[in-house]
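Let the sequences and hints guide you as you build the complete structure.
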Amino acid sequence: MYEARKYFKKRLKWCQDHKEQIKMNILASHHSNNDFRSFWKATRKLSTKSALPVSIEGVSNAENIADLFKDHFTVKSPLAPSHAELNVETGRVVEIRCTASEVDRIIKSMSRGKSPGHDSLSIEHLKHAGPHLARLLAMLFNFCISHSYMPEEMIRTVVIPVVKNKISDITDKNNYRPISLATVVLKVFVKIIIIIIIYANFITQL
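Each residue of the sequence shown is one higher than the one before, starting from 1407 at the first, in the numbering used here.
Because the hints were derived from the structure by calculation, they are not lab data.
Computed from a predicted model, the values in this text were never measured in an experiment.
Any given hint could turn out to be false.
[Stated by the list, open to error] List time: in silico DSBU-like cross-link candidates among lysine-lysine, alpha-carbon distance up to 35 Å: (1) Lys1597 / Lys1425; (2) Lys1429 / Lys1419; (3) Lys1597 / Lys1412; (4) Lys1482 / Lys1520; (5) Lys1593 / Lys1570; (6) Lys1412 / Lys1482.
[Unchecked claim] DEER-style ranges, computed between Cβ atoms: (7) Lys1447 / Asp1473: 30 to 36 Å; (8) Ala1410 / Lys1579: 23 to 29 Å; (9) Ile1573 / Asp1441: 31 to 37 Å; (10) Leu1485 / Phe1414: 34 to 40 Å.
Using N, Cα and C, we set each Cβ at its ideal position, and we do this for glycine too.
See below:
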């Protein structure tokens, strides 16, 4: 059973790495067999993504375009930073911790096929990383909670500009909306925090 799963994963990885070659081989096979109905059907399924514009707002250099979108998508709060001290009186202390079983359950429940963050790690990596990963992530998350700190590499996101209206002016920066790609570890941590908040709120209401 183990060898069969290992072989399946190996062949699946090969297919993913050579998907374009496989598509071209299928087209060539249909053409050589004079099966033009299947040939054109497969051709229509090929990606027809339009090319990216050569400039945005007159800016053509890739690095300058990235800086332009960075400034455009940055949200600046009109409010000054708050330095008020939190003064909360409570008669009960709620221990805030997560367990390896909770982390493992969240990883197993997350959907596959999502875009990875800047570290190129996807949920598939976490699902197949072995039984010890959940314990290590639980230790990391508990340190983050107890010290009120998250590593910069974990919270760093990649912002992708996506065209709002393809028939409109694609060189206009206002015709783009931002899509943020967070790291998969941060996504798991956010789900852990939600569970902790719900649990803490329930306990304090007892």
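Hints, one by one, checked against the model:
{"no.": "1", "hint": "Lys1597 / Lys1425", "verdict": "holds (33 Å)"}
{"no.": "2", "hint": "Lys1429 / Lys1419", "verdict": "holds (16 Å)"}
{"no.": "3", "hint": "Lys1597 / Lys1412", "verdict": "holds (30 Å)"}
{"no.": "4", "hint": "Lys1482 / Lys1520", "verdict": "holds (29 Å)"}
{"no.": "5", "hint": "Lys1593 / Lys1570", "verdict": "holds (26 Å)"}
{"no.": "6", "hint": "Lys1412 / Lys1482", "verdict": "violated (50 Å)"}
{"no.": "7", "hint": "Lys1447 / Asp1473: 30 to 36 Å", "verdict": "violated (44 Å)"}
{"no.": "8", "hint": "Ala1410 / Lys1579: 23 to 29 Å", "verdict": "violated (52 Å)"}
{"no.": "9", "hint": "Ile1573 / Asp1441: 31 to 37 Å", "verdict": "holds (35 Å)"}
{"no.": "10", "hint": "Leu1485 / Phe1414: 34 to 40 Å", "verdict": "violated (54 Å)"}
When held up to the earlier numbered hints, the structure conflicts with 6, 7, 8 and 10 and fits the remainder.
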